[in-house]
Amino acid sequence: MKALVFQSREKTLSSALEDIKKQIDKHFDTYDFLIFAVSPDYPYNDINYYIKKVFNTEKNIGFHAIHSFCDSEIVEGISVAVIKFERTGKVEIFYLEGIDENEAVIETANYFNSNSDKLHIIIGGLGNKKRFGTFIEEVSQFIDFQPVNNIIGGISSGYRDANGEVLSYQFVDSKIIKNGFVIITFSNIDFAIDIALGFKPYGVTYEIKKAKDYKLYLVDENRNFSDITRSLIKGIDNFDIRYLWYIPIYILDDEEGYVATLRTFKKVEKDYVEFFGPIKEGQKLKLSFATAEELLQENLKIAKRVKERIGHSEIVFDFSCTARQYVLEERQKEEAEIYTSILNSNLFGFFTYGEIGPDRYFKKLKFYNETSIVLAMKER
Amino acid sequence: MRKEIKIKLLKNLLEEVTKKYDSILSLKEEKLKDAYLMAIKDELTGLYNRYYLKDCLVKSIERLKRNEGGKIFLIFIDLDNFKLINDTYGHNKGDEVLKEIAQILSINFRKYDIIARYGGDEFIILFESDNEPIERINTLRQKIEEIFREFQLSFSYGVSVFPDDIEDINMETQEIIKKLIEIADRRMYEEKMKREEGNNFRIIKE
Chain A
1 MKALVFQSRE KTLSSALEDI KKQIDKHFDT YDFLIFAVSP DYPYNDINYY IKKVFNTEKN
61 IGFHAIHSFC DSEIVEGISV AVIKFERTGK VEIFYLEGID ENEAVIETAN YFNSNSDKLH
121 IIIGGLGNKK RFGTFIEEVS QFIDFQPVNN IIGGISSGYR DANGEVLSYQ FVDSKIIKNG
181 FVIITFSNID FAIDIALGFK PYGVTYEIKK AKDYKLYLVD ENRNFSDITR SLIKGIDNFD
241 IRYLWYIPIY ILDDEEGYVA TLRTFKKVEK DYVEFFGPIK EGQKLKLSFA TAEELLQENL
301 KIAKRVKERI GHSEIVFDFS CTARQYVLEE RQKEEAEIYT SILNSNLFGF FTYGEIGPDR
361 YFKKLKFYNE TSIVLAMKER
Chain B
381 MRKEIKIKLL KNLLEEVTKK YDSILSLKEE KLKDAYLMAI KDELTGLYNR YYLKDCLVKS
441 IERLKRNEGG KIFLIFIDLD NFKLINDTYG HNKGDEVLKE IAQILSINFR KYDIIARYGG
501 DEFIILFESD NEPIERINTL RQKIEEIFRE FQLSFSYGVS VFPDDIEDIN METQEIIKKL
561 IEIADRRMYE EKMKREEGNN FRIIKE
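First to last, the protein sequences are chains A and B.
Read in our numbering, the first sequence has 93 at position 93, and its numbers run on one by one without any break.
Read in our numbering, the second sequence has 576 at position 196, and its numbers run on one by one without any break.
A hint or two may mislead.
Only pairs whose alpha carbons sit at most 20 Å apart, straight line, appear in this in silico DMTMM-like list of lysine to aspartate or glutamate [said to hold, decoys possible]: (1) A:Lys175 <-> A:Glu97; (2) B:Lys388 <-> A:Asp227; (3) B:Lys411 <-> A:Asp220.
The hints are simulated quantities; they were obtained by calculation from the structure and are not laboratory data.
Quick caveat, the model's predicted, so the values are computed rather than measured.
In isolation and in its complexed conformation, chain A is listed as follows:
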């Protein structure tokens, strides 16, 4: 497989795509697949049109990403991974436009079950009625093969536009997927994955007494978790919810967590705290903290593990949480630098609104926050 990553920060969508096309043409006569990470700053209604116009191909998917990876660079524009198979490698696409539909969970699980020997990269949106994290954990219950070590991905990152739409969409088959997902399925590929955490739990354990979907209401002794959270931000002027991304909650889930499941704070309301992932009653949690150095040490550790497993890789994907990016501060570029240097390969990916990966025993799919999921692959 020949796989390279290109990027453009041109101001308009068409000029950015033209710029990328020129770069690709210098390295490829033909290619099999393109994966676009597109900033939500570009008009999303034009994305499918211009990709088709500039590249004249249907063999592509795109998704929103505020910041994407082009090798060791963080791009606020467009990054694209170009894949050209040289032996038996193959790529297919599966997508659903609505995860709220009754059959969506079963249909998705069936797709995974009937392609259990392939590698799947899933990229979804935040979800409307049903959140994507909940959807993934529901799908997980119907997966009937093991080990579940071949499905990873992330949630497109975007922001609310002037019309109130949260731009975390996918673009495929001339369609704009607003409440669904896209799966890129690779056949005849060797791969290795790993998940970086770096956060350490501190202090006492709380038991979740009342929670629903992504919201946490009460912990033990019926204490309002909102009150606890407020006490954590006491004395901080001009509070920004992102400050709490330094101290995500750490679900003590030894049975299921590949690494511990972290949950990133989204909103602090009077009676509840909302996170970026599902919260379940009966779970136990601690508060956690990490420095940028600790996060990067963990990136280094998993990069070495992946290298040991796969040896040479032809392209590397990184699905790293936006909250992790925030905690890494001015060192956020170093994560991509570690992966490209240790794995000695081109890197594509983006800062996500949630990561998807296997659990500890590869029995289920899990929805993660504040992790970095790395995938290294090569054609068989």
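Using the hints provided, position chain B relative to the given structure of chain A.
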């Protein structure tokens, strides 16, 4: 970058952890206290139970073994005509009477005397003093007879004394306790018989 914010977050986190830790500790202490009280108290009367009494006896006897001087009086009380109350008025009434007796005993002994419910209607008082408690016991009996006149309730008692009643004070403390209880029980029984014979109190056969 954002160093001040991180420091404040960590300080607040530490404060929350300390608060939660303190609350866990105090909850644990409360539970331990409850468990301890449950282990040493008689559920019905709130008096100490026989296990706690024996613990206290061990400590008192060993202290007296080390330092000469002082006496331990072990007062064995057995209620007279209590069965009649249970049979006539039911067990609830019987329980009420036992609770009242417990209260009267507590009031009429000193705070540091150990008053224990030993069995159904048997009580043992561990009384440490240089002086005999006989007068105190007789006054108590009069009081109980007055209060429970309608039930013809009274009690018989026997007293054993350490070290006076023990020939060899160097014997095992547990053996000493066994003997002291046996002696007090026997003396209580003798008193009961004597009172019946002397007809100074009518005991309805239990």
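Checked hints:
Restraint check for A:Lys175 and A:Glu97: satisfied, since their Cα atoms lie roughly 9 Å apart, inside the 20 Å limit. A distance of roughly 17 Å separates the Cα atoms of B:Lys388 and A:Asp227; the hinted pair therefore holds under the 20 Å criterion. Distance check on the hinted pair: B:Lys411 and A:Asp220 sit about 16 Å apart at the alpha-carbon level, within 20 Å; holds.
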